[in-house]
Amino acid sequence: MFVIDKEGVIAWSYISPMAINPGADGILDALDALANSSQCTPT
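Position in the sequence shown counted from 1, then plus 115, gives you this note's numbering.
Treat the hints as calculated values from the structure; they're not laboratory data. Just so you know, not all the hints are guaranteed correct.
Taking CB as the label site, the calculated pair distances span [claimed, not checked]:
| id | residue 1 | residue 2 | range |
| --- | --- | --- | --- |
| 1 | Lys121 | Leu143 | 28 to 34 Å |
| 2 | Asn151 | Tyr129 | 25 to 31 Å |
| 3 | Ser128 | Asn151 | 28 to 34 Å |
| 4 | Pro132 | Ser152 | 14 to 20 Å |
| 5 | Asn151 | Met116 | 26 to 32 Å |
| 6 | Asp147 | Glu122 | 14 to 20 Å |
| 7 | Asp140 | Ile119 | 16 to 22 Å |
| 8 | Asn151 | Ile125 | 17 to 23 Å |
| 9 | Met116 | Ser152 | 26 to 32 Å |
Each residue gets a CB set at the ideal place from its N, CA and C atoms; glycine is no exception.
Given these sequences and hints, build the entire structure.
Here it is as structure tokens:
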């Protein structure tokens, strides 16, 4: 999964094993961090 900022830069990415559903929490947290700061730290 990737979160791309308004400038087209990958602001967050996450790779999970095929058998694991990463859920929505990680991407929602990344979107919240991106909305509240100028840069999001990848996990």
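Here's how the hints hold up against the structure:
At roughly 18 Å, the beta carbons of Lys121 and Leu143 sit outside the given window of 28 to 34 Å. Distance hint check for Asn151 and Tyr129: the Cβ-Cβ separation is about 19 Å, which falls outside the suggested range of 25 to 31 Å. For Ser128 paired with Asn151, a C-beta distance near 19 Å fails the hint of 28 to 34 Å. Evaluation of the 14 to 20 Å hint for Pro132 and Ser152 yields a failure: the beta carbon distance comes to about 29 Å.
Against the hinted window of 26 to 32 Å, the Cβ-Cβ separation of Asn151 and Met116 comes to about 19 Å, which falls outside the hint. At about 19 Å, the CB distance of Asp147 to Glu122 agrees with the hint of 14 to 20 Å. Range check, Asp140 to Ile119: about 19 Å between beta-carbon atoms, so the 16 to 22 Å window is met. Checked against the given bound of 17 to 23 Å, the beta carbons of Asn151 and Ile125, roughly 18 Å apart, stay inside it.
A hinted range of 26 to 32 Å for the beta carbons of Met116 and Ser152 is inconsistent with their spacing of about 19 Å.
Comparing the model with each earlier hint shows violations of hints 1, 2, 3, 4, 5, 9; every other hint is respected.
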